[in-house]
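Residue numbers (the working numbering), protein chains in the order written: chain A, 1 to 123; chain B, 1 to 140.
Hint data in this document are derived by calculation from the structure and do not stem from the laboratory. On a predicted model such as this, the values are computed, not experimentally measured, just so you know. C-beta atoms are modelled at their ideal positions from N, C-alpha and C, and glycine is treated no differently. Check the hints yourself; a few may be wrong.
What the hints assert, rightly or not - Computed beta-carbon distance windows for the label pairs:
no., chain 1, residue 1, chain 2, residue 2, range
1, A, 9, B, 91, 31 to 37 Å
2, A, 93, B, 59, 44 to 50 Å
3, B, 73, A, 72, 41 to 47 Å
4, B, 124, A, 106, 47 to 53 Å
5, B, 39, A, 68, 33 to 39 Å
6, B, 91, A, 4, 39 to 45 Å
7, A, 72, B, 128, 20 to 26 Å
8, A, 7, B, 9, 37 to 43 Å
9, A, 37, B, 39, 40 to 46 Å
10, B, 98, A, 97, 16 to 22 Å
11, B, 140, A, 9, 35 to 41 Å
12, A, 113, B, 75, 49 to 55 Å
13, B, 92, A, 100, 36 to 42 Å
14, B, 39, A, 71, 26 to 32 Å
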Amino acid sequence: MAVPILKQAQYLIATIQSALTDEDLLSLQTALVEKVGKFRSRGVIVDVTALDVLDSFASRTLRDIAYIIRLRGAETVIVGVQPEVAFAMVQLGITLEKVPTALDLEEGLAYLDKKLQHARAET
Amino acid sequence: MPEQKLDVDAEYRVAVASINDIVTARLQGRVLAERLGFSPGEATLVATAISELARNIVQYAGNGDIEVRSTANGSRRGIIVVARDRGPGIADLKLAVRSGYSTSGGLGLGLPGVRRIVDDFQIVSNRHDGTTVTVTKWRN
């Protein structure tokens with residue numbers, strides 16, 4: 001199932017709706033990289049609230065997405081990691097490393113706003 | 001979830017031949033875990049373990065199957081997951097369950113990760129019969 005990607009001002013919001021296959025995750029990666037360029041987006045939010053499992057592959061793909069998007073000049077924030085999922089990830093030894101996370105969509109948007117303000121202030 | 005007969009003693013077998021089957025297999029495990037009264041956190045661990053085991057099958061062997069069944073020890077309920085393939089087998093089992101070791105460019109968290117989140121972990125592998133991983137997770 002394809003993940004819908006919503007454009008909101010200078011951000012892209014990808015809301016994962018249900019359990020994703022590896023293929024879905026990889027197409028999300030491709031779609032986001034392309035859309036960041038097309039819409040000249042400055043930030044990307046990937047909402048994983050609906051995901052019941054984040055295994056090693058899914059985590060790695062999310063991390064790759066964030067790194068690739070950064071190379072395209074935008075910031076990514078992962079939002080909505082559920083408590084049980086967070087628990088399982090830690091026990092499995094999975095981390096998202098330096099990829100920023102936020103509690104929910106609202107916090108994710110606030111994070112990006114702040115980040116971009118900083119970037120603007122510095123220039 | 002709609003009310004249904006709790007068939008907790010049933011055995012579920014999911015053929016794993018493509019990455020799409022990974023999701024099917026782990027959902028099956030989650031459903032059984034929930035029926036057995038596992039907490040959401042424990043059910044997620046079961047589903048995550050199945051996800052990793054199923055991915056190993058697809059990645060290294062091409063196809064195999066995942067069997068999920070309930071078990072009991074007195075009043076304690078548990079789930080046994082058997083992941084079986086007829087692939088090339090694992091050359092060095094000790095290395096394969098070591099954290100950070102991977103032949104596929106992955107994180108090397110698959111088998112060692114699974115071993116950490118279950119209560120019992122057994123692996124049998126050889127060139128002729130492929131690989132069978134059997135794990136047990138008990139309900140708290």
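Going through the hints against the structure:
1. A:9 - B:91: 31 to 37 Å: Because 53 Å falls outside the window, the suggested range is violated.
2. A:93 - B:59: 44 to 50 Å: 18 Å, violated
3. B:73 - A:72: 41 to 47 Å: 53 Å, violated
4. B:124 - A:106: 47 to 53 Å: 49 Å, holds
5. B:39 - A:68: 33 to 39 Å: 36 Å, holds
6. B:91 - A:4: 39 to 45 Å: 43 Å, holds
7. A:72 - B:128: 20 to 26 Å: 48 Å, violated
8. A:7 - B:9: 37 to 43 Å: 50 Å, violated
9. A:37 - B:39: 40 to 46 Å: 44 Å, holds
10. B:98 - A:97: 16 to 22 Å: Distance hint for residue 98 of chain B, residue 97 of chain A holds at roughly 21 Å.
11. B:140 - A:9: 35 to 41 Å: 46 Å, violated
12. A:113 - B:75: 49 to 55 Å: At 53 Å between Cβs, range holds.
13. B:92 - A:100: 36 to 42 Å: Hint holds: Cβ distance 38 Å, inside 36 to 42 Å.
14. B:39 - A:71: 26 to 32 Å: 40 Å, violated
Against the hints set out earlier in the document, violations occur for numbers 1, 2, 3, 7, 8, 11, 14.
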